Amino acid sequence: MRNKKMDNLTFLKNKKVLVFDLDGTIVNLTADWPALKRILKERYNQIYDDSCMFYSISGCLSEIVKKNDEEELLNFFDIIRTYEMKNIQDTTPIDETVYFIKNKEQFNIKKGTKLAILSLNTRTTIKKSLELARIENFFEFIIGREDVRSWKPNPEGLIKIKNHFDVKARDMVYFGDLENDIKTGKNAGIDAYYIDLLIALVKKSMPNL
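Numbered by the working numbering, the letters in the sequence shown go through residues 79 to 287 in order.
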């Protein structure tokens with residue numbers, strides 16, 4: 079859902095699982111995504127002797143899934159992973175999100191509330207990014223690029239997280255930075271908010287952060 083006007087984070091107090099996107103939500107990666115798209119498109123055209131007119135990396139991968147070519151799909155994952163990791167040391171944390179993750183009880187989030195990641199980045203990139211932000215031990219479950227075969231805004235990833243924790247959709251919330259993340263939540267029947275809302279409320283509570 080689009081961000082409502084909210085004065086605090088009490089709307090999260092009864093949630094059992096908080097799910098976060100990665101890039102633009104917890105950290106900012108430095109990968110050149112347009113260049114990666116060109117590389118993948120060229121490989122697709124070379125492998126299949128076909129012009130793949132896609133507007134996103136997920137769109138390209140979806141075409142490979144349609145061809146039932148799991149071997150080549152794994153090759154594409156490897157290319158994406160290598161490209162993402164190339165400048166991983168330049169990753170910068172989003173301070174307000176990281177602070178919230180480390181100190182969620184300070185915002186009246188129950189101690190037993192679980193944290194998870196749903197990202198279009200590969201698992202290696204996710205784990206390394208969390209390590210760089212020093213929050214790798216705060217997350218219990220991660221769904222990365224290679225863990226699903228239908229990507230956002232398809233709800234497969236959120237549904238996997240819901241099933242993993244054995245909770246109902248109403249017990250979860252998803253934070254991301256793009257409209258695609260909001261659509262993903264809607265398609266899964268799960269509340270979804272722009273990370274800007276959480277950042278603003280953390281800033282309000284911690285003005286000196």
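Be aware that one or more of the hints could be misleading.
Unchecked claim - 27 Å max Cα-Cα, derived DSS-like pairs, lysine-lysine: (1) LYS119 <-> LYS91; (2) LYS144 <-> LYS119; (3) LYS264 <-> LYS164; (4) LYS281 <-> LYS119.
As the list claims (entries may be wrong) - Distance windows between CB atoms, simulated: (5) LYS94 <-> ASN181: 35 to 43 Å; (6) MET284 <-> LEU210: 28 to 36 Å; (7) ASP128 <-> ASP274: 25 to 33 Å; (8) ASN241 <-> PHE89: 31 to 39 Å; (9) ASN215 <-> ASN186: 17 to 25 Å; (10) GLU183 <-> TYR126: 15 to 23 Å; (11) ARG248 <-> ASP127: 44 to 52 Å; (12) LYS91 <-> ASN153: 15 to 23 Å; (13) LYS205 <-> ASN92: 27 to 35 Å; (14) ASN165 <-> PHE216: 32 to 40 Å; (15) ASP147 <-> MET284: 44 to 52 Å; (16) ASN215 <-> ASN241: 17 to 25 Å.
Worth flagging that the hints you see were computed from the coordinates, not collected in a lab. Being a predicted model, the structure only gives us computed values, none of them experimental. Virtual Cβ for every residue (Gly too), placed ideally from N, Cα, C.
Each hint, compared with the structure:
no.: 1; hint: LYS119 <-> LYS91; in the structure: violated, 44 Å
no.: 2; hint: LYS144 <-> LYS119; in the structure: holds, 16 Å
no.: 3; hint: LYS264 <-> LYS164; in the structure: violated, 33 Å
no.: 4; hint: LYS281 <-> LYS119; in the structure: violated, 41 Å
no.: 5; hint: LYS94 <-> ASN181: 35 to 43 Å; in the structure: violated, 19 Å
no.: 6; hint: MET284 <-> LEU210: 28 to 36 Å; in the structure: violated, 22 Å
no.: 7; hint: ASP128 <-> ASP274: 25 to 33 Å; in the structure: violated, 40 Å
no.: 8; hint: ASN241 <-> PHE89: 31 to 39 Å; in the structure: violated, 24 Å
no.: 9; hint: ASN215 <-> ASN186: 17 to 25 Å; in the structure: holds, 22 Å
no.: 10; hint: GLU183 <-> TYR126: 15 to 23 Å; in the structure: violated, 51 Å
no.: 11; hint: ARG248 <-> ASP127: 44 to 52 Å; in the structure: holds, 48 Å
no.: 12; hint: LYS91 <-> ASN153: 15 to 23 Å; in the structure: violated, 45 Å
no.: 13; hint: LYS205 <-> ASN92: 27 to 35 Å; in the structure: holds, 29 Å
no.: 14; hint: ASN165 <-> PHE216: 32 to 40 Å; in the structure: violated, 24 Å
no.: 15; hint: ASP147 <-> MET284: 44 to 52 Å; in the structure: holds, 49 Å
no.: 16; hint: ASN215 <-> ASN241: 17 to 25 Å; in the structure: holds, 23 Å
Going down the numbered hints, you'll see the structure goes against 1, 3, 4, 5, 6, 7, 8, 10, 12, 14, while the others check out.
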